[in-house]
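Counting in the working numbering, the sequence shown runs from 198 upward without gaps.
It is possible that some hints are incorrect.
[Claimed, not checked] Pairwise CB distance ranges, derived in the manner of DEER restraints:
#1 234 with 280: 25 to 33 Å
#2 289 with 234: 31 to 39 Å
#3 233 with 286: 43 to 51 Å
#4 287 with 221: 18 to 26 Å
#5 280 with 253: 16 to 24 Å
#6 216 with 287: 33 to 41 Å
#7 224 with 292: 33 to 41 Å
#8 220 with 320: 18 to 26 Å
#9 220 with 285: 30 to 38 Å
#10 253 with 321: 30 to 38 Å
#11 234 with 288: 22 to 30 Å
#12 261 with 288: 22 to 30 Å
#13 270 with 204: 25 to 33 Å
#14 290 with 316: 35 to 43 Å
[What the hints assert, rightly or not] Keeping only pairs whose Cα atoms sit at most 25 Å apart, straight-line, the calculated PhoX-like set for lysine-lysine is:
#15 307 with 253
#16 246 with 307
#17 246 with 214
#18 310 with 323
#19 270 with 310
Keep in mind that the hints were calculated from the coordinates and are not lab data.
Each residue gets a CB set at the ideal place from its N, CA and C atoms; glycine is no exception.
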Amino acid sequence: MELILGGYAQGKRDFAKSCYPDAVVFSEVPVDFGDDDVKIWDNFNISVKKMIESGKKDDDVRDMIQRAVGFHKNLVIISDEIGCGIIPMSADERHFREFIGRIQCFLADKADKVFRVVCGISQRIK
198 MELILGGYAQ GKRDFAKSCY PDAVVFSEVP VDFGDDDVKI WDNFNISVKK
248 MIESGKKDDD VRDMIQRAVG FHKNLVIISD EIGCGIIPMS ADERHFREFI
298 GRIQCFLADK ADKVFRVVCG ISQRIK
């Protein structure tokens, strides 16, 4: 599994597609197209936010992510960096910011490679 992080509109998807031009890109939890196929889970942070907003419990979201990571060995996850800016006023937004940060830490720990993309330039950080 690989993790690609960066700010909004910084070239994360373009970087992933340049590495894996034949990969299937998903904006939700990837479905199975075979264990050897590279799958790109784009907008990971938005998928997680939608799950939380739909009423799913944190543990259920975490379990689903762990299953997806365990099932899809060639998964590339693209996520915006969250939490580097202004502290949200809303308790729900603060909760999401902390939750996604902890999930990204989990993903970085499990990932074979982690990249940060800024201004279209990638930097391998793991």
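*State, for the Cβ atoms of residue 253 and residue 321, whether the hinted interval 30 to 38 Å holds or is violated.*
holds, 32 Å
Exercise. Using the C-beta atoms of residue 280 and residue 253, is the stated range 16 to 24 Å upheld?
Worked result: holds, 21 Å
- Task: Take a look at whether the Cβ-Cβ distance between residue 224 and residue 292 falls inside 33 to 41 Å.
- Result: 22 Å Cβ-Cβ, so the 33 to 41 Å window is violated.
Evaluate the given range 31 to 39 Å for the C-beta pair formed by residue 289 and residue 234.
holds, 36 Å
For this session: Just tell me: holds or violated, for the beta carbon distance of residue 261 and residue 288 against 22 to 30 Å?
Result: holds, 23 Å
Satisfaction of hint between residue 307 and residue 246, Cα-Cα up to 25 Å
holds, 21 Å
Checklist entry - If you check the beta carbons of residue 220 and residue 320, does the distance land in 18 to 26 Å? => result Hint holds: Cβ distance 21 Å, inside 18 to 26 Å.
task: Check the following: the C-beta atoms of residue 290 and residue 316 are separated by a distance inside 35 to 43 Å.
output: About 26 Å separates the Cβ atoms of residue 290 and residue 316, which means 35 to 43 Å is violated.
For this session: Could you grab the alpha-carbon distance between residue 310 and residue 323 and see if it respects the 25 Å cut-off?
Result: holds, 5 Å
Has the hinted range 43 to 51 Å been met by the Cβ atoms of residue 233 and residue 286? holds, 46 Å
Practice item. Using the Cβ atoms, figure out if residue 234 sits within 22 to 30 Å of residue 288. Key: violated, 40 Å
Hint check: residue 270 vs residue 310, CA-CA at most 25 Å. Holds or violated?
Distance ~12 Å between residue 270 and residue 310 Cα, so the pair holds.
Checked against the numbered hints above, the structure breaks hints 4, 7, 11, 14 and satisfies the rest.
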